[in-house]
Amino acid sequence: MVESELGQTPVASNEPEQTREPWNDPDAVPYIQLENLSKRFGNFTAVDNITLDIYKSELFCLLGGSGCGKSTLLRMLAGFEAASEGRILLDGVDMADIPPYERPVNMMFQSYALFPHMTVQGNIAFGLKQEGMPRPEMDRRVSDMLELVKLGDYAKRKPHQLSGGQRQRVALARALVKRPKLLLLDEPLGALDKKLRENTQFELMTLQEELDITFVVVTHDQEEAMTLSSRIGVMDQGRIVQVGSPNEIYEHPSSRLVANFIGSVNLFEGNVVEDEADHVRIQSAEAGCMLYIDHGVNQIVEGSRVSVAVRPEKIKISRDRPEQQDNVTTGVIEEVAYMGSLSIYRIRLPSGVMVQATQPNLDRDTRQFTWDDEVYLSWNPYSALVLTT
Amino acid sequence: MRMGYTPLGQGLVRLFEPVMPTALGNSVARLLRAAGVTGRNAVIAVPLLWLLLFFLIPFVIVLKISFAEYATAIPPYTDLIQWGDDALMSIKLNFGNYLYLVEDDLYVAAYLNSARIALVSTVMCLLIGYPMAYAIARSSPANRNILLMLVILPFWTSFLLRVYAWMGILKNNGIINNLLMGMGIIDEPIVMMQTDFAVYLGIIYSYLPFMILPLYANLEKLDVNLLEAAADLGCKPFKAFLLITLPLSLPGIIAGSMLVFIPAVGEFVIPSLLGGPDTLMIGRVLWDEFFNNRDWPVASAVAIAMLVFLVIPIMLFQHYQNRQGQS
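Residue numbers (my numbering), protein chains in the order written: chain A, 1475 to 1863; chain B, 12 to 338.
Bound-form chain B, shown alone (with noise of 0.2 angstroms):
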């Protein structure tokens, strides 16, 4: 604070000088802790306030909605609450979306199937993402900036637009086939628009970057004097990589198998886009029985039993993380 000698340095100094120290501000930062406000508090508090208004309390929505039963009003569902003639509050909660989703084969069908879905597309983006993450990982600091920029760079352009132009490679009068037919190679198109291929096509396309990115992050911290130990010790270069890469790097594995999984199992755009009528995913029901059937209990019961069966996953992986962390 050596700038007092110009006006401008005075008031800049003024505006700098401390302001806990006098009175004021005591006895304000003395009325904040009394309050149970502290800086770290504080800081804490936004994320929280954030969460609370835009996850939490929508979420207390939809539970509530998928409690409730479908009626012909604005929102068309009952309320949950009822007041009595003599004034008494009562809680009627409906299980009876629940109890639908079990009974009616579609929605176990349509879970099974996402889950299935889902699951393939992950086994697909760690085979082909971990030795992009580990070439990446292992090429030269210069090449591994582009290389990871060429990662990233869909990104750049919308996720629907990607989706799309995936519709104008795999139509019947698409790129694919118009090359194929106008080599000669086929006489007539090949039909993948519109079914489970498209589908699988599209996930990993789209979620293969989440799946390379912590694979990255994990294999590039990768000692590579432990390689060399094991080669030293008589390890075959293949074996190393099971016995030590592998292990070592399971970690990235779950975190991008978590990264893919979680998402796809719920993705709606893709099935609806690149899909058949027969591609049933829990996404697509979802939005048919929200916006074609105006049910808004049963989708909310849907969104919600989809919810539980991802938090499991997710309960493993954190189980996962608690016991590396503890170790």
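So that you can see chain A by itself, here it is in the shape it has in the complex (with noise of 0.2 angstroms):
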């Protein structure tokens, strides 16, 4: 139930970005491009015609389940795996004949592939050694780096003797080192355990402010992905579903699947009844009300099937019916889970769908509802969502 958080983390996470959005921007010209790239193994196509633009400083997560294709998109971008079709620029220079051992840019490996047989120091070191870098200067910016990721102390550790965290700023150090025009994630948080992760998340960020580099995260945590990203990509079967700020990919999900998988979602199956320019009214027997939305849907026949989107936390819960016609519900409590900060109630409606609906716990020692409660559900029109696919 950790996604029921998420209601106010997308906001503050996006703050900083609202000032530069290149990608809103017709000028801006993007840094990496994905032009209709397909990865095929024998029948199974793993990247399904993508096209997509990265800016210069952004931090992009691809956001998915496992086996939609992210891991292989990255991978291609590393220069481990051929594109199948289509083309990948980076700062305007395809990519298509460049092997990963010439190409600007550097991973983080899931696993990390610290080289076991070496020191932090050595491990960090490899890749400029391979450049053919002065002593001097190597180890000038090999100790800045471990400064930069607070490993001072363990220059002379082999990767075993560090703990997960510590491996974790390692693999990070190793591949920031070499100052690539772009630093490739793989699950870069998802060993660590949450506390952790959590502290780690803002040092990521820290850093790629600091530095200055693209970061393209590939990640299957919907929560690391709101945090960490300036601009979100939804993959599924291998496409690009949505993509989007954080904040976009929330609150205005385009498809049922992104509303699912970001975050936790009401859904009301419903009849169009009225559709015009500043609303629609949609009939739902599953809602047992009629749902009033203050946005219009465009091209849409009346009378056709649709779903409405309710987040549980735009959710209200009360025990007298509110005063409004539509959008309001009844139900009984089901089950409720005491987070902390605040409480998840489950609300069983006459239809026998069950609703989630968070509240915050803003006041000590009260339980406002409790199981069997016969409560009034009720949202604002500017809180729901039509999604027509």
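Think of the hints as simulated: they come from the structure by calculation, not from any bench. Backbone N, C-alpha and C fix where the C-beta goes; we use that ideal spot for every residue, glycine too. Every clue listed holds true.
From chain A, some residues computed to sit far from chain B (all C-beta separations above 12 angstroms):
(1) Pro1496
(2) Val1567
(3) Asp1568
(4) Ser1729
(5) Glu1797
(6) Gly1814
(7) Ser1815
(8) Gln1833
Straight-line Cα separation of at most 25 angstroms, BS3-like style, residue types lysine-lysine; simulated pairs:
(9) B/Lys250 / A/Lys1630
(10) A/Lys1655 / A/Lys1530
(11) B/Lys232 / B/Lys247
(12) A/Lys1624 / A/Lys1669
(13) B/Lys232 / A/Lys1632
(14) B/Lys247 / A/Lys1632
(15) B/Lys250 / A/Lys1603
(16) B/Lys250 / A/Lys1632
(17) B/Lys247 / A/Lys1655
(18) A/Lys1624 / A/Lys1655
(19) A/Lys1632 / A/Lys1603
(20) A/Lys1624 / A/Lys1603
(21) B/Lys103 / B/Lys75
(22) A/Lys1603 / B/Lys247
(23) A/Lys1655 / B/Lys250
(24) B/Lys232 / B/Lys250
(25) A/Lys1668 / A/Lys1624
(26) A/Lys1603 / A/Lys1630
(27) A/Lys1603 / A/Lys1655
Chain A regions said to be covered by chain B (calculated; three or more residues, Cβ under 8 angstroms):
(28) 1579–1585
(29) 1595–1605
Please dock the two separately framed chains into a single complex, following the hints provided.
Structure (structure tokens):
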């Protein structure tokens, strides 16, 4: 039930990005361009005709479940997999014939892939040695990097003498020390425990801003994607189904799939009874009420079936009937989960549909609602979203 | 134990009923424990007894004989322990056999030659076996089993038969010479039998699987991500092999080399069957000393000296393994 906390995060992390959004600027030149990129393994299409622009200094997250093609896409950017079709341009250069060891791209592996027979220092210096960098400069760069990831005291240790979090930082340092044009991170926080993951998330963001390197992160963890990214590309079955800022993805998912994948959502099926420019009315037997949404749905035939998405935190629970005609229904509380800062309620509607709603616990020692309470559920016309796909 | 419905089932239940909780069982266990016999000791005792009986005791006998003197008797050596007239026991150790080994050039030359042949064979096995092990480790899982099978397949045939087969291939009117002469490439046979070449060939052929298998076991575990990481950091494939694969496969290289070098030094069958009269190897010298000269004490001294000679690389190996274990 972690998803439900996400209501607050996207807004907070998105604030600095609002000043610079190159993807909304028609004159901005993309740094990485994927053009009709496909990758097939035999009959299986891992990456299916992806066209995507990523801009300089972005922290772009590829988000999706396992087997959605996100890791294959990352490996194609690194040069470990050749494209079946389409091409990758990095800073205007076609990467097709450039082998991994000549690409200005570095990758942080999910397993970290630290060289077990080398010290921390040796691991970080490895990439610079391959460039033939003179010793004094190499030493300086390595010690700067060790300082940056706070591993100065561990330079002489071998990877197996480090904790998981320290290994993760060595892997990051090793990938960053060559100052790549593009840094690829494969589930960078996947192997860390929750507390460490939260701290590391912020460290990663600070580092990215400091070094001004373009990051492409692959993750299946929607919370990680939400906190880290400037933009998220949600992937499913080899395609990118939606690209947008965390806020856009959360508040304006383009499809049921995205809405379900990011956070939790209540979906009500219903028939459109009225579709105007500024509002739409949907009759939903599942919800047990008329749904009124203050945005029109273009190109939809009245009477057709649509889904209405309402996030749990946008639903108000009350004992008395609220003063509104639409978007009000009743139900019985079946489950209560106390999470500390908030409580999650699962409410059964007369139609049998379960609805999830979260309420912040604003006061101490008060439990407003409990099992078997009959309550009213309501939300504002601007809180719900019509999904046609 | 829910089978007590039939007579057979009841019998089985009774059979499997724990014995220990009974009074008799308890007292037996207490007695055994008092005598220092626990389950763990009993398990270790079996291999310990085996090694004692078939390794340590024969070794002590050989050691004993090596300090004796040759005698025309059965067995053909003097007893170390002698009883004087005054019923005093005296032990007479004869170091002459060992001195003889150092004084006579034959033995030193045989040891050095054995070491050289074993070393060259080990290096050759490594050079041939490493690429094979690497290829097997990198092949698809289905092919991997077939390839491993092919490596192990020769063991189905007796080692001795395989060496004899090489004689048939290498001799002057053997397969190779007949083929080459039949094709008109050579006029007279190339002498291959009874040369050092044949000995090397035989040893490398026979011991190659012992190099491949430990190397394969090691290389198969190598994380492919490490090589990708090296490539990602700007390292070309061959350099990545030298910097990553090779150092990480060192334990496999050492294990394989030990498995080839140690038996190759003492090898007797291959030099006797494939080698010529001047292929001097310590195993043959040992055989000659024992069966032709019937000088058991010198033969024993040769064997003990060889053991000491081989213990050094084994101890080096142990040392290396311990260091690996610690880190």
